[in-house]
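**Q** Throw the hints in and build the complete structure from the sequences for me.
Residue numbers (the numbering used here), protein chains in the order written: chain D, 1 to 331; chain G, 1 to 331.
Check before you lean on any hint, since a few could be wrong.
Just so you know, same-sequence chains aren't split out, so a pair can sit in one copy or run between any two.
As the list claims (entries may be wrong) - Only pairs whose alpha carbons sit at most 30 Å apart, straight line, appear in this in silico DSSO-like list of lysine-lysine:
1) K181 x K86
2) K35 x K47
3) K188 x K35
4) K86 x K47
I should point out that these hints are in silico values taken from the structure, not numbers from a laboratory. Since this is a predicted model, take the numbers as computed values, not measurements.
Number of protein chains: 2
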Amino acid sequence: MHKIALLAAAFTVSATAAMAAPRTDEPIQPIEPAKVKDAGLVELGKKLYFDPRLSKSGFISCNSCHNLSMGGTDNLKTSIGHNWNKGPINAPTVLNSSLNLAQFWDGRALTLQDQAGGPIANPGEMASTHTLAISVLQSIPAYVAEYKKVFGTDKVSIDGVTKAIAAFEETLVTPNSRFDKWLKGDNKALTKQELAGYELFKDSGCTACHNGAAAGGNTFQKMGVVEPYKSTSTAEGRVAVTKEEADRFYFKVPTLRNVEMTYPYFHDGEAETMSEAVDTMGRIQLGRKFSAEENASIVAFLKTLTGDQPSFMLPILPPSNEKTPQPEPFN
Amino acid sequence: MHKIALLAAAFTVSATAAMAAPRTDEPIQPIEPAKVKDAGLVELGKKLYFDPRLSKSGFISCNSCHNLSMGGTDNLKTSIGHNWNKGPINAPTVLNSSLNLAQFWDGRALTLQDQAGGPIANPGEMASTHTLAISVLQSIPAYVAEYKKVFGTDKVSIDGVTKAIAAFEETLVTPNSRFDKWLKGDNKALTKQELAGYELFKDSGCTACHNGAAAGGNTFQKMGVVEPYKSTSTAEGRVAVTKEEADRFYFKVPTLRNVEMTYPYFHDGEAETMSEAVDTMGRIQLGRKFSAEENASIVAFLKTLTGDQPSFMLPILPPSNEKTPQPEPFN
Numbered sequence: 001m002h003k004i005a006l007l008a009a010a011f012t013v014s015a016t017a018a019m020a021a022p023r024t025d026e027p028i029q030p031i032e033p034a035k036v037k038d039a040g041l042v043e044l045g046k047k048l049y050f051d052p053r054l055s056k057s058g059f060i061s062c063n064s065c066h067n068l069s070m071g072g073t074d075n076l077k078t079s080i081g082h083n084w085n086k087g088p089i090n091a092p093t094v095l096n097s098s099l100n101l102a103q104f105w106d107g108r109a110l111t112l113q114d115q116a117g118g119p120i121a122n123p124g125e126m127a128s129t130h131t132l133a134i135s136v137l138q139s140i141p142a143y144v145a146e147y148k149k150v151f152g153t154d155k156v157s158i159d160g161v162t163k164a165i166a167a168f169e170e171t172l173v174t175p176n177s178r179f180d181k182w183l184k185g186d187n188k189a190l191t192k193q194e195l196a197g198y199e200l201f202k203d204s205g206c207t208a209c210h211n212g213a214a215a216g217g218n219t220f221q222k223m224g225v226v227e228p229y230k231s232t233s234t235a236e237g238r239v240a241v242t243k244e245e246a247d248r249f250y251f252k253v254p255t256l257r258n259v260e261m262t263y264p265y266f267h268d269g270e271a272e273t274m275s276e277a278v279d280t281m282g283r284i285q286l287g288r289k290f291s292a293e294e295n296a297s298i299v300a301f302l303k304t305l306t307g308d309q310p311s312f313m314l315p316i317l318p319p320s321n322e323k324t325p326q327p328e329p330f331n
Numbered sequence: 001m002h003k004i005a006l007l008a009a010a011f012t013v014s015a016t017a018a019m020a021a022p023r024t025d026e027p028i029q030p031i032e033p034a035k036v037k038d039a040g041l042v043e044l045g046k047k048l049y050f051d052p053r054l055s056k057s058g059f060i061s062c063n064s065c066h067n068l069s070m071g072g073t074d075n076l077k078t079s080i081g082h083n084w085n086k087g088p089i090n091a092p093t094v095l096n097s098s099l100n101l102a103q104f105w106d107g108r109a110l111t112l113q114d115q116a117g118g119p120i121a122n123p124g125e126m127a128s129t130h131t132l133a134i135s136v137l138q139s140i141p142a143y144v145a146e147y148k149k150v151f152g153t154d155k156v157s158i159d160g161v162t163k164a165i166a167a168f169e170e171t172l173v174t175p176n177s178r179f180d181k182w183l184k185g186d187n188k189a190l191t192k193q194e195l196a197g198y199e200l201f202k203d204s205g206c207t208a209c210h211n212g213a214a215a216g217g218n219t220f221q222k223m224g225v226v227e228p229y230k231s232t233s234t235a236e237g238r239v240a241v242t243k244e245e246a247d248r249f250y251f252k253v254p255t256l257r258n259v260e261m262t263y264p265y266f267h268d269g270e271a272e273t274m275s276e277a278v279d280t281m282g283r284i285q286l287g288r289k290f291s292a293e294e295n296a297s298i299v300a301f302l303k304t305l306t307g308d309q310p311s312f313m314l315p316i317l318p319p320s321n322e323k324t325p326q327p328e329p330f331n
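**A** Following this line, the structure appears as structure tokens:
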């Protein structure tokens, strides 16, 4: 008994050293795992997310530009659309996008469901129409059967399709990053450099915008506070939605979750590396020049924000048939 | 005891009715599950197969045109390549391609490994070079570490890369189709119509070319035996490899495994449906006009060749970094 009591005491001491109370007063808070309410809806949404037949060409799916093998982005400066169209803006990550206050860089879609319908019908992206996309799905018995199981009707609609895609996207959260482990009290989760980087990140004012569970995504902010941001991009941000001149160059603050995977950075994709992005942000948003050492420590901290990537079986899509409208990649 | 003996006898009778001896003398034989020899090599190959950074644009991966959600094809007449290039030929399925006597429609690659290097460096497909693709991978520490575990060296080479891709592709077999269950003795696996279709398929001479485990893939045959095949495609088949005039319009016989999923058909992708393909094959290869009923029964049989699709987790790719050559989608 005596020995066991001693061992128990030793264990308690060691656990205390490694674990602290959850750090609930930090400006960034942990990502929580997704709670799936309707597994059938999510599974249907996953298929649709991977289905290039939602595009006119039959070649581009949601996953083409929001690639779940690559941090939910395409890792390109701006995206490639139908007929190799050069997109006007950097594809934001779909990971943790359910935490955003709105979707797209200018927030023109209030919900993931609203967002999902956009690229399908955008001539420079998937170049289909909602009518055509629905005709394609309606022609495929296995899709109709799955749709009926989920929605109780065999009449496929864009509302149901985008609802399913959004439900799948809501599962694409990335908990269990090392930073979250530290937030939850694991003292050993971060190195000294990473912690120093986080302290500097806070002290410099980065958390004024990059806060909350997603470390961003919850406000629109001006790109270029202290000095103007120079870009060849024609994107003007939030003004395009509100028509308020005061919103010019206001963009949704991007999440920093998984930022190591979501390069290149900014709405124009002009910052190729985290180091470059940190340097530019310091200069134009905070009026601050980070030293090489400071920059490296912030980058080290940023890399601790990579969480568990969505983990699932590649979906198998039901085949088209003679009733399915043909893809038109070259028309 | 008496009751048990009766039950056992009843069970035997019922089992006999449902199960026959394996049908080992049929011209088509079952697909066997893949035996993975080196799981690490396969896993590396899977990542590479899904990695669009093997292309110049950073947008096109092996999976773009040999999409494992869609029967290992792109379901397009001819494929889309770099800069939306219109490919000259229909992308053959990667499923069961390890059973082919050679790769590509004209058999110009003898092995899957030889094949894998082709599209990467083809200006109309992935438009990279082997040198560039290797530089990209060599710059990514997680790839180099995984490569070293598999090959014992941290010097990435195209030989190793294509070897890994081929090892992954060797796992992409599709056993357990209903037809294979029937071949293995399950009398209830096929309907009367499907069986009738198979009998007609054999009796008409289809199995002269579509035989073996893959129901094809094991010979080159002339497209247009009884009457010439009319096509706008410039592909001339095997003659491009052998330079023998006798090989003009000889193509590798495509596998019929999963044919329901691998539409459209023929080297030029001109047959949109199985029904159309059966009709054309009957006419130009066999000099035979199938009735609507005959055509339907053969199509019903063909649909029984869909096997278990490869089932695996979507791979997560290690991120690029400041040393990684940038993708050049628009140069």
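**Q** Which numbered hints does this structure break?
**A** Result: hint 1 breaks, nothing else.
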